[in-house]
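S.K.: Residue-level listing of the chains:
2 protein chains.
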Amino acid sequence: MGKKQQLIALDMGIDTHQEPVVYMRNDCHICLAEGLKASSRVLVISDGQHIIATLNVVEQHVLPVQHIGFSSVALQRLGVESGASVQVKHAPVVSSTSAVRKKIYGHELSESDIRSIVVDIRDHHYSDIEITSFLCACAGNNLNSAEIVSLTRMMVESGKCLSWPKHKNVFDKHCVGGLPGNRTTPLVVAIVSAAGLIIPKNSSRAITSPAGTADTMEVLMKVELDLPEIQAVVDKTGACLVWGGAVNLSPIDEILIRIESALNLDGEGQLIASVLSKKIAAGSTHVLIDIPVGGTAKIRTLADAERLADLFMEVGTTLGLEMRCVISDGSHPIGRGIGPAEEARDVLAVLQRIEQAPQDLRLRALTLSAQLLDFANGYGLDVALQIATEILDSGQAWQQFQRIVDAQGRASKIPKANHHTIEYAKRDGCVRSIDNRRLARLAKLAGAPKEQGAGIRLHIDVGDKIVKGMPLFTLFTDTLGQRDYALGYFHDNRDLFEIGV
Amino acid sequence: MGKKQQLIALDMGIDTHQEPVVYMRNDCHICLAEGLKASSRVLVISDGQHIIATLNVVEQHVLPVQHIGFSSVALQRLGVESGASVQVKHAPVVSSTSAVRKKIYGHELSESDIRSIVVDIRDHHYSDIEITSFLCACAGNNLNSAEIVSLTRMMVESGKCLSWPKHKNVFDKHCVGGLPGNRTTPLVVAIVSAAGLIIPKNSSRAITSPAGTADTMEVLMKVELDLPEIQAVVDKTGACLVWGGAVNLSPIDEILIRIESALNLDGEGQLIASVLSKKIAAGSTHVLIDIPVGGTAKIRTLADAERLADLFMEVGTTLGLEMRCVISDGSHPIGRGIGPAEEARDVLAVLQRIEQAPQDLRLRALTLSAQLLDFANGYGLDVALQIATEILDSGQAWQQFQRIVDAQGRASKIPKANHHTIEYAKRDGCVRSIDNRRLARLAKLAGAPKEQGAGIRLHIDVGDKIVKGMPLFTLFTDTLGQRDYALGYFHDNRDLFEIGV
Numbered sequence: 002m003g004k005k006q007q008l009i010a011l012d013m014g015i016d017t018h019q020e021p022v023v024y025m026r027n028d029c030h031i032c033l034a035e036g037l038k039a040s041s042r043v044l045v046i047s048d049g050q051h052i053i054a055t056l057n058v059v060e061q062h063v064l065p066v067q068h069i070g071f072s073s074v075a076l077q078r079l080g081v082e083s084g085a086s087v088q089v090k091h092a093p094v095v096s097s098t099s100a101v102r103k104k105i106y107g108h109e110l111s112e113s114d115i116r117s118i119v120v121d122i123r124d125h126h127y128s129d130i131e132i133t134s135f136l137c138a139c140a141g142n143n144l145n146s147a148e149i150v151s152l153t154r155m156m157v158e159s160g161k162c163l164s165w166p167k168h169k170n171v172f173d174k175h176c177v178g179g180l181p182g183n184r185t186t187p188l189v190v191a192i193v194s195a196a197g198l199i200i201p202k203n204s205s206r207a208i209t210s211p212a213g214t215a216d217t218m219e220v221l222m223k224v225e226l227d228l229p230e231i232q233a234v235v236d237k238t239g240a241c242l243v244w245g246g247a248v249n250l251s252p253i254d255e256i257l258i259r260i261e262s263a264l265n266l267d268g269e270g271q272l273i274a275s276v277l278s279k280k281i282a283a284g285s286t287h288v289l290i291d292i293p294v295g296g297t298a299k300i301r302t303l304a305d306a307e308r309l310a311d312l313f314m315e316v317g318t319t320l321g322l323e324m325r326c327v328i329s330d331g332s333h334p335i336g337r338g339i340g341p342a343e344e345a346r347d348v349l350a351v352l353q354r355i356e357q358a359p360q361d362l363r364l365r366a367l368t369l370s371a372q373l374l375d376f377a378n379g380y381g382l383d384v385a386l387q388i389a390t391e392i393l394d395s396g397q398a399w400q401q402f403q404r405i406v407d408a409q410g411r412a413s414k415i416p417k418a419n420h421h422t423i424e425y426a427k428r429d430g431c432v433r434s435i436d437n438r439r440l441a442r443l444a445k446l447a448g449a450p451k452e453q454g455a456g457i458r459l460h461i462d463v464g465d466k467i468v469k470g471m472p473l474f475t476l477f478t479d480t481l482g483q484r485d486y487a488l489g490y491f492h493d494n495r496d497l498f499e500i501g502v
Numbered sequence: 002m003g004k005k006q007q008l009i010a011l012d013m014g015i016d017t018h019q020e021p022v023v024y025m026r027n028d029c030h031i032c033l034a035e036g037l038k039a040s041s042r043v044l045v046i047s048d049g050q051h052i053i054a055t056l057n058v059v060e061q062h063v064l065p066v067q068h069i070g071f072s073s074v075a076l077q078r079l080g081v082e083s084g085a086s087v088q089v090k091h092a093p094v095v096s097s098t099s100a101v102r103k104k105i106y107g108h109e110l111s112e113s114d115i116r117s118i119v120v121d122i123r124d125h126h127y128s129d130i131e132i133t134s135f136l137c138a139c140a141g142n143n144l145n146s147a148e149i150v151s152l153t154r155m156m157v158e159s160g161k162c163l164s165w166p167k168h169k170n171v172f173d174k175h176c177v178g179g180l181p182g183n184r185t186t187p188l189v190v191a192i193v194s195a196a197g198l199i200i201p202k203n204s205s206r207a208i209t210s211p212a213g214t215a216d217t218m219e220v221l222m223k224v225e226l227d228l229p230e231i232q233a234v235v236d237k238t239g240a241c242l243v244w245g246g247a248v249n250l251s252p253i254d255e256i257l258i259r260i261e262s263a264l265n266l267d268g269e270g271q272l273i274a275s276v277l278s279k280k281i282a283a284g285s286t287h288v289l290i291d292i293p294v295g296g297t298a299k300i301r302t303l304a305d306a307e308r309l310a311d312l313f314m315e316v317g318t319t320l321g322l323e324m325r326c327v328i329s330d331g332s333h334p335i336g337r338g339i340g341p342a343e344e345a346r347d348v349l350a351v352l353q354r355i356e357q358a359p360q361d362l363r364l365r366a367l368t369l370s371a372q373l374l375d376f377a378n379g380y381g382l383d384v385a386l387q388i389a390t391e392i393l394d395s396g397q398a399w400q401q402f403q404r405i406v407d408a409q410g411r412a413s414k415i416p417k418a419n420h421h422t423i424e425y426a427k428r429d430g431c432v433r434s435i436d437n438r439r440l441a442r443l444a445k446l447a448g449a450p451k452e453q454g455a456g457i458r459l460h461i462d463v464g465d466k467i468v469k470g471m472p473l474f475t476l477f478t479d480t481l482g483q484r485d486y487a488l489g490y491f492h493d494n495r496d497l498f499e500i501g502v
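Sequence order for the protein chains is A and B.
Numbering-wise, our numbering comes out as the position in the first sequence, counting from 1, plus 1.
Numbering-wise, our numbering comes out as the position in the second sequence, counting from 1, plus 1.
What the hints contain is simulated information worked out from the structure, not anything from laboratory work.
Just so you know, even glycine gets a beta-carbon here, dropped at the ideal spot from N, CA and C.
Certain hints may be false.
Stated by the list, open to error - In the DSS-like style, the derived pairs of lysine-lysine whose C-alpha atoms are separated by at most 30 Å in a straight line are: (1) K466/B x K38/A; (2) K167/B x K38/A; (3) K169/B x K38/A; (4) K167/A x K103/A.
Claimed, not checked - Have a look at the derived ranges for each label pair, beta carbon to beta carbon: (5) E60/B x L382/A: 56 to 64 Å; (6) S111/A x N142/B: 20 to 28 Å; (7) C162/A x E158/B: 52 to 60 Å.
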């Protein structure tokens, strides 16, 4: 190929987040010859590697002749530096997008349709709007169980896997979420691993919530471990509490989550595939799913919860997992802290058996631990609950949690937000309800989970009697801009706390 | 407000197409104070005007201290120039996106939900992925007739309207598309307006096809007219052939079309609302809808076509229009040219009664004209067809077309592509079928409709006997890059012409 076909790469110093962008001059001979326009999708090739990027066209003073600018992620994905020689063409037609259209029009996807979509997404061939169209096509109840099985299987195939040849039974639990503050996972992992169960827990970061388990645990310990490190921690303690994204267990999940999070969208089929693919990739054999139901939780009615539980059971069993689903009360937030640091404080308070520890969080953790212990040993739930309670009350769970923290690597100390503001009750009354969704949004506007110290500490619970002037909650933010932004939202949404007479 | 809160605007010389982007330094005090990150949505305010833009974070050498960079469309929408003082904050929560999520989860939208979505889209408050989620939520058969009525009404309300107080009956026709080359509209408009009907035709540019009527007419005449100009053309000739987008008849439609086009997606409810909102805004009272059905057309089965026709009838009638729907043969391309210039040549050949003019195009135009003449005057279809044929054969339609061209403003001459390539048959046989979709894609890859001269001229039709070495089609492209790109696609898809023995 002649020199005329080559351009010289230049780092533009522009961070476009995860969407790779390249910049070409409006008089660039390749733009003219190929008919490329702003927002065209282009194929950029260097040294046998390629990426698909979005084109921005720039005026001639922005770039030297014969150069092509790269955003940070474009440079990083192509694996080149400024000065590298690259070739640019029209992006090829991404043929799997026709399968996405098929789904939008309500037709069933075959396993090979789903494989082609997953491979194209993993290889970064989809633009953000194409990823969005896939997510929206699959959201609602639009995937049937066969499609969810295929999607789960393809998501597992697209990433790495852990295996535990020494252990016949490997446990895991997952809560579908929607309750701010409901951080039971670290407690359950500590309790059941203290009882001898193997539970190598890979958690997500937040999708639509103010903190995921991985975000919360990162406040206390290192959560980005590689595969041999995870193996070592589990060999030592029987458990771990790591971020699954760091070990590439389900790489397309991380790509999808970025868009789901921007859209505040977390579809049913996608949810099941995302959860189960990570359980399978983590080598689990027994999976407990907790589905909280409440008017402002993610799952709003018992019928929806039962439908979701049935789908989880069907898909998981088809894929060779032992499954158990628990439908629980999701009518109000659990614990008092919302956001990574505040939730971590609640977890520690329960483990350390401090008097002010939130009792609702403690009780949920014990109940779920009992389910897992019964699942493993068939004790019956009453006996299992006694065992779990004794492990927590005797301090064994706290000791076990510290072993896990030490094995993974202790964090320096719990980060503190720069600013805190207390909001007070404007009148006497009784707390009738707390809106989980709007409370979660408030914590996110404050900066959670990106800023670890940001979030909320509730001073009231559903059922409490309050008098005018009593503190409702403390808001933690790192910046004054975020504080004002969050408080602006709260002042427009004071009724997220429903106060009755 | 203190000076500290203000930044100085700088034109970055970057064309980001229709998605406004602003660029801020990674050490900018406002980024830090507000907690803004790459890909955050930000509110940019200047002089009482505001836009919502996507943030790209840049290294310190890219921008001077205290400055904020703007992409071209961001600068233009905010209405400022380099040097202007602007303020930047977190974008407010766009509350109508919760209605979009509601739709994704399969719930019905109220008129007020739809109003809030349409207003937010019109005011550019949605990011591209949010627009995508709305389009995907509404695609397939996901909107019921009440929702389509509301969407149509809100789309009309969001733009300008034409009115024709001098005329009681105002006619319009629309083809739902999917057949390359099927350019009947200019022929029908010429024929029925020569017969005395008032038909002020506002057409779209291409959404998923290689040319829309507006793209094709632009080859022959000025199509971007303002409201008084349209009024004058219709007063003079009884008709017009203009681009609806230029007069802001349905501004959100132009925003949606950009994303629909990138996704190659054209949903049913969205289609009906888009078509009918423009008919109502154009002041039409009588609307004829042509729905071609074929295995590779947009509508693939008779059942789908009937469903769509019923919805068109129901929604149109509810909104006070007289409606008529025709289901037609969509099994193969119509005419010989595909792409703006090539389709314009076919239209002229039919009007000028040239012997080689495509007879299938002529026949469809006569049939649709007859439908409109019967709709207007109740002639019965046989008599109406005789009248239409006489108007075409006597040259009255050609004279009337020239009057319209002269009234709108004649274009200089039909543009010619820089390159043409002929593809030949590889063996003897009979043309069993031609795939409309893949043929359309081939023409688009060649550069249609953006390059007016780009496209295809077919040398064969379904049913033709061919021998090895006979020309199949000529491909027209402006650049060699596009030629190679399109031919690459053809060589992988030679079976788009199904040749039997």
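S.K.: Look at each hint and say if it fits the structure.
M.R.: So, going through the hints one by one against the coordinates:
no.: 1; hint: K466/B x K38/A; verdict: violated, 41 Å
no.: 2; hint: K167/B x K38/A; verdict: violated, 44 Å
no.: 3; hint: K169/B x K38/A; verdict: violated, 45 Å
no.: 4; hint: K167/A x K103/A; verdict: violated, 44 Å
no.: 5; hint: E60/B x L382/A: 56 to 64 Å; verdict: holds, 58 Å
no.: 6; hint: S111/A x N142/B: 20 to 28 Å; verdict: holds, 21 Å
no.: 7; hint: C162/A x E158/B: 52 to 60 Å; verdict: holds, 55 Å
Hint compliance for this structure: hints 1, 2, 3 and 4 are not met, and every other hint is.
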